[in-house]
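**Q** Protein sequence lines, in the order shown, are assigned to chains P and R. So for the first sequence, this note's numbering puts the first residue at 1; every next one is plus one. So for the second sequence, this note's numbering puts the first residue at 254; every next one is plus one.
Treat the hints loosely; a few may be bogus.
Only some residues are given here: those of chain R computed to face chain P with a beta carbon under 8 angstroms [stated by the list, open to error]:
#	residue
1	Tyr355
2	Pro385
3	Cys443
4	Leu469
5	Gln470
The hints are simulated quantities; they were obtained by calculation from the structure and are not laboratory data. Where is the CB? At the ideal position from N, CA and C, for every residue including glycine.
If you want the building blocks of each chain, they are given just below.
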Amino acid sequence: MGIVDIHAHVWLGRVREDAASLLRGMDYYGVEKMLLSGLGSLDPEPEEINLLNSQVAALIREESRFGGYVHVNARHANAMDVLSRGLEEQGMWGMKIWVSTLCDEPAWDRLYDLCAQYHAPVLVHTFEKTVGQLAGESAALHLRRAALRHPETCFILAHLGGNCYTGVPAVADIKNIWADFSGSTCRGDDLPYALERMGEDRLLFGSDGPGSFSSSLGQVLEIPCARVREKLLEGNARRLFPGLRGIRDGNTV
Amino acid sequence: METLFDFGCFTGNWPYRRLRNSSLGNLCQLHRRFHVTGGLVSSLDAVFYNDPWEGEGPLCNDLPEGYRLASCANPKLSCSLLALERGEHGTALRLYPGIHDYGPQMPELGEMVRFAGELRLPVIVTARLEDPRLSYLLRQTSVLADQWLELAVKHPKTAFLLSGFSLQELLEVSDTPWPENVCADTAGLCHSLFPLLQLEQTCLAGRIVFASFAPLQTLGNSWLLTKDRGKALASNLPIMQNTRKNP
Numbered sequence: 001m002g003i004v005d006i007h008a009h010v011w012l013g014r015v016r017e018d019a020a021s022l023l024r025g026m027d028y029y030g031v032e033k034m035l036l037s038g039l040g041s042l043d044p045e046p047e048e049i050n051l052l053n054s055q056v057a058a059l060i061r062e063e064s065r066f067g068g069y070v071h072v073n074a075r076h077a078n079a080m081d082v083l084s085r086g087l088e089e090q091g092m093w094g095m096k097i098w099v100s101t102l103c104d105e106p107a108w109d110r111l112y113d114l115c116a117q118y119h120a121p122v123l124v125h126t127f128e129k130t131v132g133q134l135a136g137e138s139a140a141l142h143l144r145r146a147a148l149r150h151p152e153t154c155f156i157l158a159h160l161g162g163n164c165y166t167g168v169p170a171v172a173d174i175k176n177i178w179a180d181f182s183g184s185t186c187r188g189d190d191l192p193y194a195l196e197r198m199g200e201d202r203l204l205f206g207s208d209g210p211g212s213f214s215s216s217l218g219q220v221l222e223i224p225c226a227r228v229r230e231k232l233l234e235g236n237a238r239r240l241f242p243g244l245r246g247i248r249d250g251n252t253v
Numbered sequence: 254m255e256t257l258f259d260f261g262c263f264t265g266n267w268p269y270r271r272l273r274n275s276s277l278g279n280l281c282q283l284h285r286r287f288h289v290t291g292g293l294v295s296s297l298d299a300v301f302y303n304d305p306w307e308g309e310g311p312l313c314n315d316l317p318e319g320y321r322l323a324s325c326a327n328p329k330l331s332c333s334l335l336a337l338e339r340g341e342h343g344t345a346l347r348l349y350p351g352i353h354d355y356g357p358q359m360p361e362l363g364e365m366v367r368f369a370g371e372l373r374l375p376v377i378v379t380a381r382l383e384d385p386r387l388s389y390l391l392r393q394t395s396v397l398a399d400q401w402l403e404l405a406v407k408h409p410k411t412a413f414l415l416s417g418f419s420l421q422e423l424l425e426v427s428d429t430p431w432p433e434n435v436c437a438d439t440a441g442l443c444h445s446l447f448p449l450l451q452l453e454q455t456c457l458a459g460r461i462v463f464a465s466f467a468p469l470q471t472l473g474n475s476w477l478l479t480k481d482r483g484k485a486l487a488s489n490l491p492i493m494q495n496t497r498k499n500p
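Between the sequences and the hints, there should be enough to build the whole structure, so can you do that?
**A** In structure tokens:
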């Protein structure tokens with residue numbers, strides 16, 4: 001079974017090192033496909049956004065096991081052009097929202113509409129913290145509001161919202177919101193709780209690499225049902241991402 | 254099939270979230286699935302009790318073959334030393350300085366640690382039990398590895414296990430050789446890629462034992478790390494030998 005990792009990164013200034021590290025992890029843990037976004041400054045300028053996306057696009061061209069998200073900052077005047085270029089020319093499969101702008105701000109609306117047209121899921125970093133919350137860092141309730149305004153767009157609640165006990169309840173009833181359990185929160189009952197509240201068809205494996213694979217993969221290993229494990233590790237991702245359908249060993253079949 | 258001993262696992266209730274499978278039976282069943290042959294078990298209830306033995310005592314009586322008790326020791330409780338003298342302890346002591354809010358300079362702690370050495374009880378220092386970003390009720394103070402290493406130097410006859418520290422925290426204190434009476438565990442290493450291979454390059458090679466923090470954390474995390482075991486992971490450190498034997 002080839003694992004699909006829908007959430008990993010390469011960081012500005014160490015893209016090649018990160019890519020090599022990710023590939024090592026993919027080889028070791030049996031990850032067949034990994035979707036990347038480029039990250040750097042917390043509120044990047046247009047030039048940095050362009051560089052990040054170009055670097056991810058280059059990795060996608062060089063390594064067929066990589067796919068990518070367009071990193072967009074909705075407040076930039078060229079945000080639509082960035083997204084269009086990413087989806088049409090750079091081979092990206094989705095849009096990534098990090099911490100520059102809360103995901104329910106109106107500036108995102110036209111971008112969400114475009115993602116719907118392209119069937120491009122929107123991966124939203126969501127992390128509700130007790131300490132260190134960033135001003136532009138979305139929480140699950142922000143994503144809920146955005147998703148209700150855009151029922152044709154597919155969204156991904158990253159990291160189960162950080163604290164899954166506040167994140168998952170906010171989105172469980174919204175059918176165009178999926179969730180990944182990537183990240184460094186390896187608490188024992190996060191995934192079982194998410195399965196109970198959201199079901200087994202909208203949860204996605206992500207590593208949040210190059211930090212770790214074991215945090216997320218280890219959670220799946222404890223799920224006793226093989227059918228559910230298969231869905232979490234690859235089946236759900238293949239349904240969500242059109243580009244993944246019919247792909248084996250990184251090649252379209 | 255290679256087997257493991259889990260040097261850090263728990264049973265009982267956790268007041269900040271529901272643990273679905275936290276009985277001793279659940280733990281043993283989980284261990285069997287992952288070919289873990291036994292464990293050093295602690296009661297989560299005892300962490301919050303004014304008399305921790307209320308939580309640890311019943312657990313001690315129920316432990317099956319291959320399992321030992323790491324009992325909660327809190328030097329801020331007035332009867333903590335008396336409890337040790339009365340034999341109200343496991344084969345190791347687990348400290349929670351971040352939850353009970355004390356540091357290694359505490360005089361009562363020094364006396365406890367000294368006495369633990371006489372009893373040949375390893376002292377397990379727990380870095381944290383919850384991710385501080387996620388706990389709005391539980392306030393955990395910082396547990397600094399370098400300070401606890403200093404304490405270990407002062408008590409060479411006592412074995413110490415630094416438990417649940419992250420890779421970064423361990424790397425920051427690995428420039429100089431550790432005292433012979435100190436080791437660390439895998440419970441906090443889940444946030445890094447191939448951490449054991451990184452630790453293999455330091456003085457901690459052969460000084461890391463397997464610990465899962467199950468059911469607070471998924472056992473699968475730490476179990477996966479053992480698959481890239483190098484010299485860093487030890488299956489049977491001499492300083493922890495006493496915990497594997499019958500009391």
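**Q** All hints, please: hold or fail.
**A** Now for the hints, and whether the structure bears them out:
Below 8 angstroms, beta-carbon pairs count as interface contacts, and Tyr355 (chain R) has none with chain P, the closest being about 21 angstroms; its hint is therefore violated. A hinted interface residue such as Pro385 (chain R) counts as satisfied when its beta carbon comes closer than 8 angstroms to some beta carbon of chain P; here the least separation is about 6 angstroms, so the hint holds. Among the interface hints, the one on Cys443 (chain R) holds; its C-beta lies about 5 angstroms from the nearest C-beta in chain P, closer than the 8 angstroms criterion. A hinted interface residue such as Leu469 (chain R) counts as satisfied when its beta carbon comes closer than 8 angstroms to some beta carbon of chain P; here the least separation is about 6 angstroms, so the hint holds.
A hinted interface residue such as Gln470 (chain R) counts as satisfied when its beta carbon comes closer than 8 angstroms to some beta carbon of chain P; here the least separation is about 5 angstroms, so the hint holds.
Violated hint: 1 only; the structure is consistent with all others.
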